[in-house]
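For the sequence shown, this note's numbering begins at 4 and goes up steadily by one.
If you're looking for bench data, these hints aren't it; they were derived computationally from the structure. Hints should not be assumed to be uniformly reliable.
[Stated by the list, open to error] Below are the DMTMM-like pairs computed for lysine to aspartate or glutamate, each with C-alpha atoms no more than 20 Å apart in a straight line:
(1) Lys-137 - Glu-100
(2) Lys-8 - Asp-260
(3) Lys-43 - Asp-260
(4) Lys-8 - Glu-261
(5) Lys-8 - Glu-223
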Amino acid sequence: MRERKPVQSWLTDMDGVLVHEGQPVPGAPEFINRLRASGKPFLVLTNNSIYTPRDLQARLARMGFEVPEQAIWTAALATAQFLADQRPGGTAYVIGEAGLTTAMHAVGYILTDFAPDYVVLGETRTYSFEAITKAVRLIEAGARFICTNPDVTGPSNEGLLPAAGSVAAMISKATGVEPYFVGKPNPMMMRSALNTINAHSESTAMIGDRMDTDILCGLEAGLETILVLTGISNKTEVERYPYRPSRIINSVVDLMDEI
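Generate the whole structure from the sequences, applying the supplied hints.
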């Protein structure tokens, strides 16, 4: 394995790395404080498109994290940026919450159900059969199908919830059209994050807790990949995959001396 450049920029997943089941991972707030004090560019990433960065900043602050709003990068922001690059000033029919609709407005998109350029599916806790039916009919009429992320389930205090990937599968079954997923594990998510902080892949590390999203995404984008064992994937599961992280650590606390 070729020797990598020293890490100058950091990307970290949120759930399972900094936060677990609504509580901060022990030592994670201090890790973020160390990052901020170092002056090194960093971003907190999430596939969740429900919340705006300001919402997430407030949620993290309640758990003891001091994360600047501009240091949060969501699948909603990545999706909006992707569409603005592909078709500037376009139109979209959006199923999602404020995190997605705010991001779409911010890049100059018009949200409409009249012959939109795109149907954009994001996360919401209140998927409407009426909205899904409209999405199916618009895609049948020629709208391009975009989904913020492929996650099929999401966590809640009551248990698993169906997520955007599951709803996308239902729409695909009805239309025969597969969506383009922008969020992890699409390396597009990593590249847009790198561009946001003017970082280079050869000197950036991605910290994640899932082999099938965080580690795969970081690997395909050319980043150093660090798997933490505070979330989904464990050491036994790592052996089932045809690829490996650059290294495996117990938690972000183990990285404190490297910042």
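Going down the list of hints, with the structure as the test:
Proximity of Lys-137 to Glu-100 is assessed by CA-CA distance (about 17 Å); at most 20 Å being required, the pair is judged to hold. Proposed proximity of Lys-8 and Asp-260 is supported: the alpha carbons are some 17 Å apart, at most 20 Å. Our distance criterion of 20 Å between C-alpha atoms is met by Lys-43 and Asp-260, whose separation comes to about 14 Å. A threshold of 20 Å between alpha carbons decides the hint, and for Lys-8 with Glu-261 the separation of about 13 Å falls inside it, so the pair holds.
As the CA atoms of Lys-8 and Glu-223 are separated by approximately 17 Å, the hinted pair is consistent with the 20 Å bound.
Consistency with the previously given hints is maintained throughout, with no hint failing.
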